[in-house]
Amino acid sequence: MSAVKKPNPALIVGKYAALAFYLIFALFPLYWLLKIGLTPDALIYSEGTRLFPSEVTFSNFTTVIFQTDFVAYFRNSLVVSLGAAFFTTLFAAGAGYAFSRFVFAGKRIIIALMLVTQMFPLLMIIAPIYKIVADLGLLNSLTSLIVVYTAFNIPFATFLMQSFFDGIPKDLEDAAMMDGCSRFQALRKVVFPLTLPGLGATLGFVFTAAWSELLFALMLISKNDAMTFPVGLLTFVSKFSVDWGQMMAAGVLALIPSCLFFIFIQRYLVQGLTSGAVKG
Amino acid sequence: MEGKPVIARVQKTVRPGETRARRSLYLQYMVEPFFYLSPAILLIGAVIMIPLIIGISYSFQSIELLKPFASGWIGFENYVDLWSDRKFWIAMENTLFWTFWSITFQFLLGLGLAMLLNTQFFGKKLFQALVFLPWAVPTFLSALTWAWLFNPVIGPLPHWLAALGILSEPYNILGDPKLAMWGPITANIWFGVPFFAITLLAALQSIPGELYEAAEVDGATPWQTFTKITLPFLAPMIAITVMLRTIWIANFADLIYVMTGGGPANSTQILSTYIFTRAFRKLDFGYASTIAVALLVILLIYAVILLWLRKKLVKI
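These protein sequences, in sequence, are chains C and E. Okay, so the first sequence: first residue is 1 according to our numbering, each after it adds one. Okay, so the second sequence: first residue is 1001 according to our numbering, each after it adds one.
One or more of the hints may lead you astray.
Each computed DSS-like pair below joins lysine-lysine, with the alpha-carbon atoms no more than 25 Å apart [what the hints assert, rightly or not]:
| no. | chain 1 | residue 1 | chain 2 | residue 2 |
| --- | --- | --- | --- | --- |
| 1 | C | K223 | E | K1282 |
| 2 | E | K1087 | C | K223 |
| 3 | C | K170 | C | K107 |
| 4 | E | K1178 | C | K15 |
| 5 | E | K1125 | C | K15 |
| 6 | C | K239 | E | K1282 |
| 7 | C | K15 | E | K1282 |
| 8 | E | K1087 | E | K1228 |
| 9 | C | K131 | E | K1178 |
| 10 | E | K1282 | C | K131 |
Taking CB as the label site, the calculated pair distances span [what the hints assert, rightly or not]:
| no. | chain 1 | residue 1 | chain 2 | residue 2 | range |
| --- | --- | --- | --- | --- | --- |
| 11 | E | R1310 | C | A72 | 46 to 56 Å |
| 12 | C | Y16 | E | E1216 | 37 to 47 Å |
| 13 | C | Y16 | E | W1160 | 41 to 51 Å |
| 14 | E | D1081 | C | P40 | 47 to 57 Å |
| 15 | E | G1045 | C | L199 | 35 to 45 Å |
| 16 | C | G106 | E | A1239 | 53 to 63 Å |
| 17 | C | G106 | E | W1160 | 51 to 61 Å |
| 18 | C | Y16 | E | A1239 | 27 to 37 Å |
| 19 | E | A1220 | C | L27 | 34 to 44 Å |
Some but not every residue of chain E turned toward chain C, in silico, with C-beta under 7 Å [stated by the list, open to error]:
| no. | residue |
| --- | --- |
| 20 | L1126 |
| 21 | T1145 |
| 22 | I1154 |
Simulated from the structure, these hints should not be mistaken for lab results. Backbone N, C-alpha and C define an ideal beta-carbon position, used for all residues, glycine too.
Make a model of the complete structure from these sequences and hints.
If you want it as structure tokens, here you go:
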């Protein structure tokens, strides 16, 4: 429709200037992380504020991978995030299915309770959780983190899954059940394949959330060999605060899994965040 | 063809969630849905709801893990202490400052980005993926990255700010009580713009195109189109997004905790970081829970006022 009108050149220049501004603002910090990570130790102070390093080395990355505990932190974070993502998605799929397909007693109250969990400061329960976990003897265990993260992410994941189930016509299940399938067979053979993208998106959201959680991990984990990546990196930073190259190399490494999942879930961002914003 | 209306009629009598086979109402309403729901409900109850109640009860007790013999019920003593705690009031003021400026810039920049993404240009898909990337960066890493950018030894920002005349010399603003809060706020804006852009983009795409065509035919200026069509249509979405994000940002402690730890001299201490430092550094669970209850009450009051305003102002 606007193709008929002659575009105003000033507007076009302004638009591309704005695009460039957003692009630089979004990417510059990440570029800087990578740049310092690639700068040789000897040059960091003299070239600290140069836009491009005059020499590039991967030694910071190899040091971080082979000579520090980061591989262990990475593994712990992977176990916790995958565990939380798996259980959250499983339970949220069940709850989302119930919300989408059934009318039952107490439905409104349960939905309201789930919304409430999204509103109040989760830090409120950091002290009681610490006490409970300590009394159970589960401090410094990855299991406690998986359980806590799973519970935290279930409400949002449930609303997300519900919106995916709402998008699948109920007639398909009914038809399968009319043809003699039990509900479980109908779920497995008809609904499950159609929900795969939704399950993937939910997995991705929860994984990213668990991967970056810091404060509860800081509270519940104090032993070095049980630390997740955020806790490990923060401990490393406060201990060796001048090893800039290695810290930033570790930062770049921590970024990789999130970016992979981000590329994977990017298609669902608009749908997911919109339903999340409206419902909780 | 004759069969169709019959099927439609039969299906209409089926209640939502009901299968064709007849089953007892009891099974239908009380058992099957809860079979799917129970793991989620049990976990939320055990990990969030019960600790929440315990947390509120903590605020009436003295629980300091470092002083195990001084614990017990103390009534409202924690609240009396809170009222006369100067740090609490500083944290309250800082929470307002932090939340207001974070949300204002996130919203304005997010709206701009959403409107850009609602137009056509070359390489849009790649551009969208790249500008949304900060949202995927783990928060602790965003915090560290920005803390490093503000460090004059390895970061360029102090030098640029000095060259622009904003700083007298390139120093770290995170160490300056007057300016320190702008460090975490900048990181928060960077991290939060994609969220606003995504939400507002979805709302923008739902505005019917005919309205813009009609406005163009009637000779409306771009500014008129924006204020008379775009903004009124976005208003409900803006109201709910801003409200939810405000609550989320007021609770958001990670960036500040990593970048400044609440310092220097409590100049960046907000209520949520104050809760965390009390619980984590001093293991003073009673007082930490008291601050948390206060924060909860403030957020509740805020939500009620905003919902009331929305009902009064937005007539859509």
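Hints, one by one, checked against the model:
1. C:K223 <-> E:K1282: holds (19 Å)
2. E:K1087 <-> C:K223: violated (31 Å)
3. C:K170 <-> C:K107: OK: K170 of chain C and K107 of chain C at ~19 Å, within 25 Å.
4. E:K1178 <-> C:K15: violated (35 Å)
5. E:K1125 <-> C:K15: This hinted pair holds, its Cα atoms lying about 16 Å apart.
6. C:K239 <-> E:K1282: holds (20 Å)
7. C:K15 <-> E:K1282: violated (51 Å)
8. E:K1087 <-> E:K1228: violated (45 Å)
9. C:K131 <-> E:K1178: At roughly 37 Å apart (the allowed maximum being 25 Å), K1178 of chain E and K131 of chain C break the hint.
10. E:K1282 <-> C:K131: holds (14 Å)
11. E:R1310 <-> C:A72: 46 to 56 Å: holds (49 Å)
12. C:Y16 <-> E:E1216: 37 to 47 Å: For Y16 of chain C and E1216 of chain E the Cβ distance comes to about 23 Å; the hint is violated.
13. C:Y16 <-> E:W1160: 41 to 51 Å: Given about 23 Å between the Cβ atoms, the range is violated.
14. E:D1081 <-> C:P40: 47 to 57 Å: holds (53 Å)
15. E:G1045 <-> C:L199: 35 to 45 Å: Violated, at about 24 Å.
16. C:G106 <-> E:A1239: 53 to 63 Å: Taking Cβ atoms as reference, G106 of chain C and A1239 of chain E lie about 30 Å apart, which means the hint is violated.
17. C:G106 <-> E:W1160: 51 to 61 Å: Given about 57 Å between the Cβ atoms, the range holds.
18. C:Y16 <-> E:A1239: 27 to 37 Å: holds (32 Å)
19. E:A1220 <-> C:L27: 34 to 44 Å: Hint holds: Cβ distance 36 Å, inside 34 to 44 Å.
20. L1126: violated (10 Å)
21. T1145: Since the shortest Cβ distance to chain C is 5 Å, the answer is holds.
22. I1154: holds (4 Å)
Of the numbered hints given earlier, the model fails hints 2, 4, 7, 8, 9, 12, 13, 15, 16 and 20; all others are met.
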